[in-house]
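Chemist: Chain by chain, the residues run as shown.
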Amino acid sequence: MKNSLPVAIMTVIALIIILDFFVADAPSVQWIKQSGLVLRSWGIVIAAFAMGLGAVNLLRRHTVAISRREPEALYSVVLVGSMVIIIILGIAYGSDHPTYSFLFSNILSPASATMYASIAFYIVTAAYRSFHARSFESWVLLITAVIVMLGKAPIGSVISGFFPTAADWIQAIPNTAGMRAIMMGAALGVVSSAVKMFLGLDRTYLGLRD
Amino acid sequence: MERLQSIPKSWIYVILLIVLAGPLLRPIGIPIPISSDIRKSFEAVDSLAPGSVVVFGFDYSPGSAAEMEPQAMAILEHLAEKQVKVIGISFQAQGPEMATKAFSATSWAEKEYGVDYVNLGYRAGGQAAVAAFATDIPGTFSTDYTGKPSSSFPIMQGIKTAADIDMIITIAPGQPGPEDYVRQVYGTYKTRIIAGVPAVAITQVAPYVQAGQIEGILGGLPGAAEYEILVEKPGQAVAAMDAQSLAHLLIIVLIAFRNIPSFFKAKEARAQSMSGSAQKAGRGGRS
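Going down the list, the sequences are from chains A and B. Each step along the first sequence adds one to the number in my numbering, with nothing skipped, and position 210 is 210. Each step along the second sequence adds one to the number in my numbering, with nothing skipped, and position 162 is 162.
Just chain A, same shape as in the assembly:
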């Protein structure tokens, strides 16, 4: 019972969601449509709670780090401090309050943008170190990379019309074909994994091995 009840609940809910996608908008199957609607709104509520749980967990983890004076507790102080300020401001005054907007635009945005922009430096050094052609395959990869890099920047078309045309072809034909194969494989994997869950053969999501 302890194991079969969660599997039964999951199977019923999943079947309603799947049926909702396929059944027509006829009055006889309205209960499926309505049940699907309710279940999806529950999904949003659960996701919101999960975010809250994550925030509480993060706060707990870093508060413990501060109280134990761990070596990198200073970062925890910054994290907990900024988190508490933003939470209080957001709850008390709303996210359209000028102070909230100021902190968002002048601290969070530039800090996040800096993190993202710094990737460019790592990409360039990584490309320099790793693009070392030693075999035929690595030469093919290297030449393809150069064509796509030139084709996807305006400079490529200035050098030759070949680069954008070749880059588009590489992206649209071999690249997309490979991607499509991966996606279809993954989709089939999801279907088979769902069937295993419905049949109770896969119960790892319940924290059970077999």
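These are calculated hints, taken from the structure and not from any lab test. Misleading hints may appear alongside valid ones.
[Said to hold, decoys possible] Keeping only pairs whose Cα atoms sit at most 30 Å apart, straight-line, the calculated BS3-like set for lysine-lysine is:
hint : chain 1 : residue 1 : chain 2 : residue 2
1    : A       : LYS33     : B       : LYS160
2    : B       : LYS148    : B       : LYS101
3    : B       : LYS160    : B       : LYS190
4    : B       : LYS101    : B       : LYS233
5    : A       : LYS33     : B       : LYS40
6    : B       : LYS160    : B       : LYS148
7    : B       : LYS9      : B       : LYS40
8    : A       : LYS196    : A       : LYS33
9    : B       : LYS148    : A       : LYS33
[To be verified] Chain B stretches covered by chain A per the calculated footprint, using a threshold of three residues with CB under 8 Å from any CB of chain A:
hint : stretch
10   : 120-128
11   : 143-156
12   : 199-209
C-beta atoms are modelled at their ideal positions from N, C-alpha and C, and glycine is treated no differently.
Keeping the supplied structure of chain A fixed, place chain B upon it in accordance with the hints.
Modeler: Chain B only, in chain A's frame:
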């Protein structure tokens, strides 16, 4: 020659900084050609009749704003010119702030909130939230970004499901993104979708574009730059294109530095081994 294979990291960082900053401070003006993907996206948006309702997914955060925001701004300018109505939504926690910023930095700042456009804020749940949005828009987004009931806005009158929407435009660097809209919205309602993605995600979305499920795609900063040119409002993306071109050239030069010495060394070694085997063959012939 071997020194070219071991350029210190710090030097590369400095060179890259100069290569990026130079054209940003002093633009070169490398011509930007318009690709067929961007033209298709532009024509799709251009086909919207005045008064059409567009859902605009601000599904990006400040971290990816450098690449995504110019796309959002360029399309928003086009939508403003087309006099359509825009419902801003987000399935990314920091999206509502990005929407506020984008609306206030474009021609939408002069339009009336609640009548011409609205910012409905963020809903958690990823793909499940996208599915809920498709079947029940006012139920899923019951309030706007500031907490006012969404049903109180004139723009929301008559909007119930994704079938009441003329087009969905999503600017998303990750999940939930265009694929989720295809699965949950296009699959049932056949609503037209335009997607703005980072350059690295084009391949991921390309199968949906080729299948016609996504009508148009904007890829990375070049996509934004091309769109800015088409709407005749060159902005951040056009300004950054010279820097991107030179950065790509720098990478190619560095890759060449890394490989040319090895190439010549391998050629030399091959020549030596060939002459060695010829000598051996010669000695063998004499004996």
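Chemist: All hints, please: hold or fail.
Modeler: Structure-based check of all given hints:
no.: 1; hint: A/LYS33 to B/LYS160; verdict: holds (14 Å)
no.: 2; hint: B/LYS148 to B/LYS101; verdict: holds (19 Å)
no.: 3; hint: B/LYS160 to B/LYS190; verdict: holds (15 Å)
no.: 4; hint: B/LYS101 to B/LYS233; verdict: holds (18 Å)
no.: 5; hint: A/LYS33 to B/LYS40; verdict: violated (35 Å)
no.: 6; hint: B/LYS160 to B/LYS148; verdict: holds (18 Å)
no.: 7; hint: B/LYS9 to B/LYS40; verdict: violated (41 Å)
no.: 8; hint: A/LYS196 to A/LYS33; verdict: holds (25 Å)
no.: 9; hint: B/LYS148 to A/LYS33; verdict: holds (28 Å)
no.: 10; hint: 120-128; verdict: holds (count 5)
no.: 11; hint: 143-156; verdict: holds (count 3)
no.: 12; hint: 199-209; verdict: holds (count 6)
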